[in-house]
Structure formats: structure tokens, C-alpha cells
Amino acid sequence: AQKITQTQPGMFVQEKEAVTLDCTYDTSDQSYGLFWYKQPSSGEMIFLIYQGSYDEQNATEGRYSLNFQKARKSANLVISASQLGDSAMYFCAMREGWGKLQFGAGTQVVVTP
Amino acid sequence: DGGITQSPKYLFRKEGQNVTLSCEQNLNHDAMYWYRQDPGQGLRLIYYSQIVNDFQKGDIAEGYSVSREKKESFPLTVTSAQKNPTAFYLCASRRDRGGNQPQHFGDGTRLSIL
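Heads up: the protein sequence lines correspond to chains A and B, in order. Be aware that the first sequence starts at 1, since it is given in my numbering, and climbs by one per residue. Be aware that the second sequence starts at 114, since it is given in my numbering, and climbs by one per residue.
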């Protein structure tokens with residue numbers, strides 16, 4: 001059964017606008033972690049942000065913030081002030097048990113001038 | 114600079130041939146992982162290793178084998194039993210100090226069938 005769901009296959013966003021990428025997850029564990037990665041067309045995976053299940057505040061890292069709604073099992077990524085270099089595939093992932101990650105199918109973001 | 118090196122960047126396999134993908138890290142990370150990515154899809158875990166001389170199967174281990182003889186190295190062999198090996202393969206490592214530690218990835222190897 002799919003544990004990470006990213007319902008938006010692709011999105012267009014204008015430069016300098018904010019964009020929200022959806023991620024919902026399914027787990028019965030009390031302790032878990034959620035990660036977001038960026039994958040440019042070159043293929044490398046770049047870690048962006050982390051949210052732990054016990055963290056009371058939403059994580060932020062520069063222009064990236066995570067809208068964590070535990071009861072709804074969602075962990076949406078918000079990119080503020082989009083830049084052309086933000087065009088990439090974005091993956092949500094959940095840590096299962098020890099260290100292993102389950103990845104969603106990803107959302108392709110295209111930033112337009 | 115510390116990081117993860119995957120080689121080669123591109124690899125071609127003939128029918129019935131085994132090929133080995135290299136993954137080396139100098140981050141002193143305990144854990145290492147291999148993922149497969151098919152076009153337009155997310156990553157799927159092939160094998161992972163928490164410690165030297167120990168490794169576990171992931172979700173799609175059939176047709177693959179690994180070894181972990183050194184902390185720095187985690188090579189992946191794609192055997193002839195893997196009937197659809199064309200994919201992008203990513204290696205990752207992680208410092209095993211708490212659940213908030215992210216996995217760090219190499220640049221990947223693109224494997225194709227000749």
C-alpha cells in the first residue's frame with residue numbers, strides 16, 4: 001500500500017510567487033519523520049527540509065517551510081518567492097523505523113519568468 | 114570535499130551480463146542505501162546496510178546483490194536475473210545519529226540495456 005501520496009504530478013508557478021506542494025502520508029507509528037528532497041534535471045537528490053512527528057513547530061529552512069498537520073497526516077512544502085532555479089522534481093519521503101525512507105511519486109515544478 | 118561518489122555515470126549492459134555499480138563515501142556515515150528510479154517515478158529501495166558486513170533487502174531486491182566489506186564502499190551488482198534493469202540508480206548514505214539525519218545522495222548511474 002502506498003504510504004506517501006503526492007497528488008500533483010506537475011505545477012507551473014510564476015517567478016517570485018509562492019507555491020505549495022502537497023504530501024499526505026499513512027503510518028501507524030507514533031515516531032516518524034518527513035523529508036522533502038529536490039531533484040533537478042541532472043538527477044542528484046538535494047535534501048531541503050525535515051519535520052519530526054513530535055516537533056511542535058513547523059520546520060523552516062530559508063525559503064522552504066513545511067506546513068505540518070499531524071491530525072490530517074499532511075506535510076506540505078511551501079516554497080516562497082520562487083526562482084527559476086527552483087524548477088525541478090520535488091519528492092516527499094517518510095522515515096520508516098530505522099532510517100529507511102519511503103518516497104512519493106514526486107511533483108514536477110516549472111517556474112516561469 | 115566530503116561526499117558520495119557513484120561511478121560510472123552511464124553504463125550499458127548486454128543481455129546475460131552482470132554489471133557492478135560503484136558507490137564510495139567519505140562522510141564517515143554508518144548507513145548506506147541503494148535506490149532505483151524509473152522515469153517519472155519516485156525512488157524504490159533495493160538494499161541497505163547499517164553497518165559493515167551486514168545488509169538487508171529493500172522492497173525490490175530481486176535480481177540485485179550487494180556487499181559491504183568497508184564502511185566507505187557499498188557496490189551494487191545488477192545480475193542477469195534482473196530482467197528490466199534499465200533505470201537510474203542512486204546511492205545514499207546517512208549518519209546514524211538520530212531520526213532527523215537526512216540521507217545524502219550521489220549523482221547517480223544511468224543503466225541501459227544494449
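None of these hints come from the bench; they were simulated from the model. There's no promise every hint is true.
[What the hints assert, rightly or not] FRET-style restraints, in silico, Cβ to Cβ:
1. S42/A - I173/B: 21 to 29 angstroms
2. S120/B - I46/A: 14 to 22 angstroms
3. S42/A - A194/B: 40 to 48 angstroms
[As the list claims (entries may be wrong)] Straight-line C-alpha distance at most 20 angstroms; calculated EDC-like pairs for lysine to aspartate or glutamate:
4. K3/A - D167/B
5. K170/B - E96/A
6. K100/A - D143/B
7. K127/B - D172/B
8. K184/B - D167/B
9. K100/A - E175/B
10. K100/A - E128/B
11. K100/A - D172/B
12. K70/A - E15/A
13. K3/A - D151/B
14. K170/B - E182/B
15. K100/A - D151/B
Using N, Cα and C, we set each Cβ at its ideal position, and we do this for glycine too.
Hint-by-hint comparison with the structure:
Taken as a hint, the range 21 to 29 angstroms holds for the pair S42/A and I173/B, whose Cβ atoms sit roughly 24 angstroms apart. Checking the proposed 14 to 22 angstroms range against S120/B and I46/A shows it holds: the Cβ atoms sit about 20 angstroms from each other. Between S42/A and A194/B the beta carbon distance is about 31 angstroms. The supplied range of 40 to 48 angstroms is therefore violated. At most 20 angstroms may separate the alpha-carbon atoms for a hinted pair to count; K3/A and D167/B exceed this at roughly 27 angstroms.
For the hint linking K170/B to E96/A, the alpha-carbon distance of about 14 angstroms falls within 20 angstroms, and the restraint holds. For a cut-off of 20 angstroms, the pair hint linking K100/A to D143/B stands: about 13 angstroms separates their Cα positions. For the given pair, K127/B sits about 25 angstroms from D172/B by alpha-carbon distance, which is inconsistent with the 20 angstroms threshold. Proximity of K184/B to D167/B is assessed by CA-CA distance (about 11 angstroms); at most 20 angstroms being required, the pair is judged to hold.
A C-alpha spacing of about 18 angstroms is found between K100/A and E175/B, which places the hinted pair at or below 20 angstroms, so the restraint holds. Between K100/A and E128/B the alpha-carbon distance is near 32 angstroms, which puts this suggested pair outside the 20 angstroms criterion. Proposed proximity of K100/A and D172/B is supported: the alpha carbons are some 11 angstroms apart, at most 20 angstroms. As the CA atoms of K70/A and E15/A are separated by approximately 30 angstroms, the hinted pair breaks the 20 angstroms bound.
Under the criterion of a C-alpha separation no larger than 20 angstroms, the hint pairing K3/A with D151/B is consistent with the structure, at around 18 angstroms. Distance check on the hinted pair: K170/B and E182/B sit about 17 angstroms apart at the alpha-carbon level, within 20 angstroms; holds. With a C-alpha separation of about 19 angstroms, the suggested pairing of K100/A with D151/B holds against the 20 angstroms cut-off.
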